[in-house]
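Enquirer: Let chain A serve as the given structure and place chain B on it in line with the hints.
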Amino acid sequence: MDKSAFLAHIAARLGREPGSAPAPREAVGAPEFWADRRTSQEERIVAFCAKFEALAGEVIRCEDEAALCAALDRTLEALNPRTVGAWGKEAPWPADVEDVIERWGVRRFGEAPVVEIDVGITGASFGVADTGTIVVETGGAAGRTVHQVPLVHLVVMRESQVVQSLGDVMARLRDRALGGHLPAYVHFISGPSRSSDIENDQTIGVHGPARVICFLLRDRTSP
Amino acid sequence: MSAHSSVRDRAKLALRDDFLRGAVHFTTDRLRNRKQAVTEDFGNWEAWRDRGEAIRRHTIENLDYYLGQFADNLERLGAHVHFCADAREALAVVTDIVRAKSARRVVKSKSMVTEEVHLNHHLEALGVEVIETDLGEYIVQLAGETPSHIIIPAIHKTREQIQALFEADGGQNLTTETRDLVAFARQRLREMYLTADIGITGCNFGIAETGSIALFTNEGNADLVANLPKTHIVFMGMERVLPTLEDLEVFAHLLPKSATGQNTITYLSMVTGPRRDRDADGAEEMHVIILDNGRSRQLGDPDFQAVLHCIRCGACLNVCPVYRQIGGHAYGSVYPGPIGAVLSPLLEGGEAYQDLPYASSLCGACYEACPVKIPLHDMLVKERQRFVANTGGKTGEKAAFTAYAVTFADHRRYLGAIRVARRLQGGFARDGVIRAKIGPLAGWTERRDFPALGSQTFREWWMTRKRGTRRG
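Line by line, the protein sequences give chains A and B.
So the first sequence is numbered by the UniProt record's numbering: it starts at 1 and just counts up by one.
So the second sequence is numbered by the UniProt record's numbering: it starts at 1 and just counts up by one.
Same shape as in the complex, but just chain A (with noise of 0.2 Å):
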């Protein structure tokens, strides 16, 4: 059915003039009392460790980058993976984490295939406190199926990363869209993969990763 037609008939029915603007909002987003909260930064990275651990997610908090570095290279010994992919060198990195990745012989995205590693290692954009969720967006180097396709998936963020709320990422994402470089994919991810289609018995790693680990790097910027 044409466009037109279709949304014409939608009008109609709601006795609307067709191409109308709509009646003004008496509500957008979340109710005030959540919005309006304020909280520290400290009280939010707390939240978001408790509720991503509460997720059956990991976090390793991490004093400098040579710290997380280390403690990436530690999980990797342990988890002892025929195949780690990670993203391109150009993509948005929190932290630098190139000389682990040099040293575990890791697919780069963009330049080996991905789809059949064993670990993925990303950054990401944003943490959010209320919910433990990590936003990842992709695009260009940062690709998609990176931490899609691994059983784990080893994420790199900073603790400044870490806001409230879900609809203070929406806003941030909202500016992007407007300015047009709302990437094409972003992920909110929340715990590792689960299910619980098998008489209610909830087991993880059913199609995305079992594992995810986030390696919270400290920020030196606030005294």
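Derived by calculation from the structure, the hints in this document are not laboratory data.
These numbers come from a predicted model, not from an experiment.
Mimicking DMTMM-like on lysine to aspartate or glutamate, the simulated pairs with C-alpha atoms at most 25 Å apart in a straight line are:
#, chain 1, residue 1, chain 2, residue 2
1, A, Lys3, B, Glu89
2, B, Lys12, B, Glu351
3, B, Lys12, B, Glu446
4, A, Lys3, B, Glu284
5, B, Lys373, A, Glu32
6, B, Lys398, B, Asp9
7, B, Lys12, A, Glu199
8, A, Lys3, B, Asp96
9, B, Lys373, A, Glu26
10, B, Lys230, B, Glu75
11, B, Lys101, A, Asp2
12, A, Lys3, B, Glu348
13, B, Lys101, B, Glu284
14, B, Lys101, B, Asp86
15, A, Lys89, B, Asp279
16, A, Lys3, B, Glu209
17, A, Lys89, A, Asp219
18, A, Lys3, B, Glu61
19, B, Lys230, A, Glu111
20, A, Lys89, B, Asp281
21, B, Lys230, B, Glu284
Expert: Relative to chain A, chain B alone:
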């Protein structure tokens, strides 16, 4: 489906299936209790429901505008948008895409709208292999059945049945351990994602302002379906839009909390058009099929427009005393439970599913559970009224109510009727109750006793009491 049997017949069958009833009870109890815990912990649940209702009402009241904005944005991003009046048009669009791509294999993530148009059947008729990737849907598909719950499609299957289905699908030496069964499904379905020509997903919400498709899953299958094959087809009911990204926060709280009692969904995926020029993965081509299929008939109808506010969380199923007894298949429609009893006859129109609004006790638990406050119990009554107005109702029922009206309009007739009834019950009443399974009483006395009429009416008792008082 409903042409061959009534909901009453199907319910009778379901009531004899003890495993089904046990499983449905167990699961719905659990979902309901978890929802209660998570919403109490979250707080201000009524304020969130009010906000959800306000956003959905505004969107539907201005649906032509938001749907137009949504489609314009998608087209600007390079997606193909198809507006389809009914199932036939939607399936024709799919046929064209399948032919253009010479597609042999399609992977799907969960979508109730595709069940509504019987998409799998159509694809198979075209010679295309269709694989459901949601674990529950995959199990149901292997069994050759349809989902029995909106959120937990395989609610009625035992792990032994699942093991047998997986072994028939190539699984070897599988135990009945969940971990084992899931590992088989992961590996088997991974091959499918990587070799499929087309991926088909539903759409939980379309964001008008940005042209984004929001998908909610716990397993992560929608992400692989949307991104690994070269072509991505999105199926959505035309009512599933929200004006802005900010509005999505409200539903990212309302939907998972209401559906499964989870504070948050594991994966919320936002797909905004096909892959960009600089992207090296993701679908190259994106088609969005926007379906009416009886929905626009509800617009402008003061009794039923709000049914389009539904976000398909399934919370009304979990609290419904009827669903909890008979399960999803007894409804015989794509959408089960209270929402199905309301929606199915509305979408279908005509005579189909006219008996579904009677599969309810009108207790109102569905309304209390609804995250966007759809007055489902009122709608069920209005559908019954409409059914009676259109068909004149059942002859027996009509006669009974006419007799009832005549009897109760006059107190002498009423007293006369009581005297007759007391004489008639004489042979059946024992110890103040009737147990005999006869005549119109059988439906009641089959499972419980019917209280017999007393030896005197309240009026007779009152008269003797008054006389006594006056004397004393």
